[in-house]
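Trainee: Fit chain B to the known structure of chain A by using the hints.
The listed protein sequences correspond, in order, to chains A and B. All residue numbers for the first sequence refer to my numbering, where the first residue is 1 and numbers rise by one. All residue numbers for the second sequence refer to my numbering, where the first residue is 1 and numbers rise by one.
Please keep in mind that the hints were generated in silico from the structure rather than gathered at the bench. Quick reminder that beta carbons are idealized off the backbone N, C-alpha and C, glycines included. Do not rely on the hints blindly, as some may be mistaken.
[As the list claims (entries may be wrong)] Think about it this way: if two alpha-carbon atoms lie no more than 20 Å apart in a straight line, the pair counts; the simulated SDA-like pairs of lysine to any residue are:
1) Lys51/A <-> Gly28/A
2) Lys10/A <-> Pro59/A
3) Lys68/B <-> Leu57/B
4) Lys51/A <-> Asp79/B
5) Lys68/B <-> Met94/B
6) Lys51/A <-> Arg87/B
7) Lys68/B <-> Arg87/B
8) Lys51/A <-> Gln76/B
9) Lys68/B <-> Gly28/A
10) Lys51/A <-> Glu61/A
11) Lys68/B <-> Ser45/A
12) Lys50/B <-> Tyr35/B
13) Lys51/A <-> Glu84/B
14) Lys10/A <-> Ala54/A
15) Lys10/A <-> Ala21/A
16) Lys51/A <-> Ser88/B
17) Lys51/A <-> Ala6/B
18) Lys51/A <-> Asp82/B
19) Lys51/A <-> Val41/A
20) Lys50/B <-> Leu125/B
21) Lys68/B <-> Leu48/A
22) Lys68/B <-> Arg143/B
23) Lys10/A <-> Leu26/A
24) Lys51/A <-> Leu5/A
25) Lys50/B <-> Val126/B
26) Lys10/A <-> Arg147/B
27) Lys10/A <-> His146/B
28) Lys50/B <-> Gly120/B
29) Lys10/A <-> Asn39/A
30) Lys10/A <-> Gly40/A
31) Lys50/B <-> Val127/B
32) Lys10/A <-> Ile66/A
[As the list claims (entries may be wrong)] Chain B is faced by these chain A residues, among others (derived, beta-carbon under 8 Å):
33) Glu25
34) Val29
35) Thr30
36) Arg31
37) Thr33
38) Phe42
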Amino acid sequence: MAERLGNRIKERRGELGLTQADVAELVGVTRKTVNTVENGVFTPSALLAIKLAAALNVPVETLFWIER
Amino acid sequence: MNHRSAAEQADYLSRRRARILPGLFVIYMSQQAIYFSAAGRAPTSAQTVKIGAWALLTIVITLALATKGFWFQPRQVRDMIDDESTRSNRLEAMRLGFLLAIFGALAAYFFNQIEPLTVGEAIQLVVSLSLGAALIRFAILERRAHRYG
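Chain A extracted, bound-state conformation:
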């Protein structure tokens, strides 16, 4: 059974009033990468996941989870 990484980046961005471009700038990636992670198209490395969680001010396990 395929596993994928679920996330609540969009929800958290909304709470903080940040755009994808804002998050991209905070993390040091392009907006494309934030888009693809947010939409579940691209599975980020642990490094990027931690950076995203730090930028959105939540623990990484709150931001990401495994969907089965």
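Mentor: Relative to chain A, chain B alone:
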């Protein structure tokens, strides 16, 4: 005057690259059609120029795929363009290119048993097939990634 931040500039260049790549693929592959349409004829200086242009384009595309590209941009912008998802797309494209190089070389070897190929033709075939595949795969992956914007 450019007022874009590094992130905005990186995003702009990344989108522009995704738009340009399919066109570059068409130009690159059309060079092969020109080369093989002249196969078997005595070499002329015009053909030598065409082969030189093909070799130059091959080197540029290979270096662009193997490195971050955008060599004339500031380092910060280059690092941002070559972020994690881009590196992943680039590696996937190069993986496909490598596989097609192996299979293309095998195909050229067996085809040579039926219809003799010159070394130049075999090299053109293998390099163009593998690099063309890597280029179009990278283009598709990058455009798909941008579409989710």
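Trainee: Hint by hint, say whether it matches the structure.
Mentor: Each hint tested on the structure:
Using a Cα cut-off of 20 Å, the hinted pair lysine 51/A and glycine 28/A holds, with the two alpha carbons roughly 9 Å apart. Proposed proximity of lysine 10/A and proline 59/A is supported: the alpha carbons are some 15 Å apart, at most 20 Å. A distance of roughly 17 Å separates the Cα atoms of lysine 68/B and leucine 57/B; the hinted pair therefore holds under the 20 Å criterion. For the proposed pair lysine 51/A and aspartate 79/B, the alpha carbon gap of about 16 Å is at most 20 Å, so the pair holds.
With a C-alpha separation of about 13 Å, the suggested pair lysine 68/B and methionine 94/B falls inside the 20 Å cut-off, and the hint holds. Restraint check for lysine 51/A and arginine 87/B: the C-alpha separation of about 17 Å stays at or below 20 Å, so the hint holds. The hinted pair formed by lysine 68/B and arginine 87/B meets the criterion: a straight-line CA distance of about 9 Å does not exceed 20 Å. Between the alpha carbons of lysine 51/A and glutamine 76/B the distance comes to roughly 18 Å, so the proposed pair stays at or under 20 Å and holds.
For the hint pairing lysine 68/B with glycine 28/A, the CA-to-CA distance comes to about 15 Å; that is within 20 Å, so the pair holds. Under the criterion of a C-alpha separation no larger than 20 Å, the hint pairing lysine 51/A with glutamate 61/A is consistent with the structure, at around 12 Å. Distance restraint check for lysine 68/B and serine 45/A: the Cα-Cα separation of roughly 19 Å lies within the 20 Å cut-off, and the hinted pair is therefore satisfied. Note on lysine 50/B and tyrosine 35/B: the hinted pairing holds, with a Cα-Cα distance of about 8 Å set against a maximum of 20 Å.
The hinted pair formed by lysine 51/A and glutamate 84/B meets the criterion: a straight-line CA distance of about 12 Å does not exceed 20 Å. For a cut-off of 20 Å, the pair hint linking lysine 10/A to alanine 54/A stands: about 15 Å separates their Cα positions. A threshold of 20 Å between alpha carbons decides the hint, and for lysine 10/A with alanine 21/A the separation of about 12 Å falls inside it, so the pair holds. At most 20 Å may separate the alpha-carbon atoms for a hinted pair to count; lysine 51/A and serine 88/B meet this at roughly 18 Å.
Between the alpha carbons of lysine 51/A and alanine 6/B the distance comes to roughly 18 Å, so the proposed pair stays at or under 20 Å and holds. Only pairs whose Cα atoms come within 20 Å are accepted, and lysine 51/A paired with aspartate 82/B is accepted, the gap being roughly 17 Å. Distance hint between lysine 51/A and valine 41/A is fulfilled; the C-alpha atoms sit about 18 Å from each other, no more than 20 Å. Distance check on the hinted pair: lysine 50/B and leucine 125/B sit about 15 Å apart at the alpha-carbon level, within 20 Å; holds.
Only pairs whose Cα atoms come within 20 Å are accepted, and lysine 68/B paired with leucine 48/A is accepted, the gap being roughly 19 Å. As the CA atoms of lysine 68/B and arginine 143/B are separated by approximately 17 Å, the hinted pair is consistent with the 20 Å bound. In summary, the hint linking lysine 10/A to leucine 26/A is supported, as the alpha carbons are separated by about 15 Å, within the 20 Å threshold. Distance restraint check for lysine 51/A and leucine 5/A: the Cα-Cα separation of roughly 16 Å lies within the 20 Å cut-off, and the hinted pair is therefore satisfied.
Distance check on the hinted pair: lysine 50/B and valine 126/B sit about 17 Å apart at the alpha-carbon level, within 20 Å; holds. As the CA atoms of lysine 10/A and arginine 147/B are separated by approximately 17 Å, the hinted pair is consistent with the 20 Å bound. Pair hint lysine 10/A plus histidine 146/B holds up; C-alpha atoms about 17 Å apart against a cutoff of 20 Å. About 13 Å separates the Cα atoms of lysine 50/B and glycine 120/B, which keeps this hinted pair within 20 Å; it holds.
A hinted pair counts as satisfied when its Cα atoms are at most 20 Å apart, and lysine 10/A with asparagine 39/A qualifies at roughly 9 Å. At most 20 Å may separate the alpha-carbon atoms for a hinted pair to count; lysine 10/A and glycine 40/A meet this at roughly 11 Å. Our distance criterion of 20 Å between C-alpha atoms is met by lysine 50/B and valine 127/B, whose separation comes to about 15 Å. Taking the CA atoms of lysine 10/A and isoleucine 66/A, the gap is about 17 Å. The hint holds against a cut of 20 Å.
Checking glutamate 25/A against chain B: minimum C-beta separation of about 4 Å stays under 8 Å; hint holds. For the restraint placing valine 29/A at the interface with chain B, the shortest Cβ-Cβ distance is roughly 4 Å, inside the 8 Å limit, so the hint holds. Given the 8 Å rule on beta carbons, the hint for threonine 30/A holds: about 5 Å separates it from the nearest Cβ of chain B. Taken as an interface hint, arginine 31/A checks out: its beta carbon lies about 5 Å from the nearest beta carbon of chain B, inside 8 Å.
Annotation: interface hint on threonine 33/A holds; nearest CB of chain B at approximately 4 Å, less than 8 Å. Below 8 Å, beta-carbon pairs count as interface contacts, and phenylalanine 42/A has one with chain B at about 5 Å; its hint therefore holds.
In this structure, every one of the numbered hints holds.
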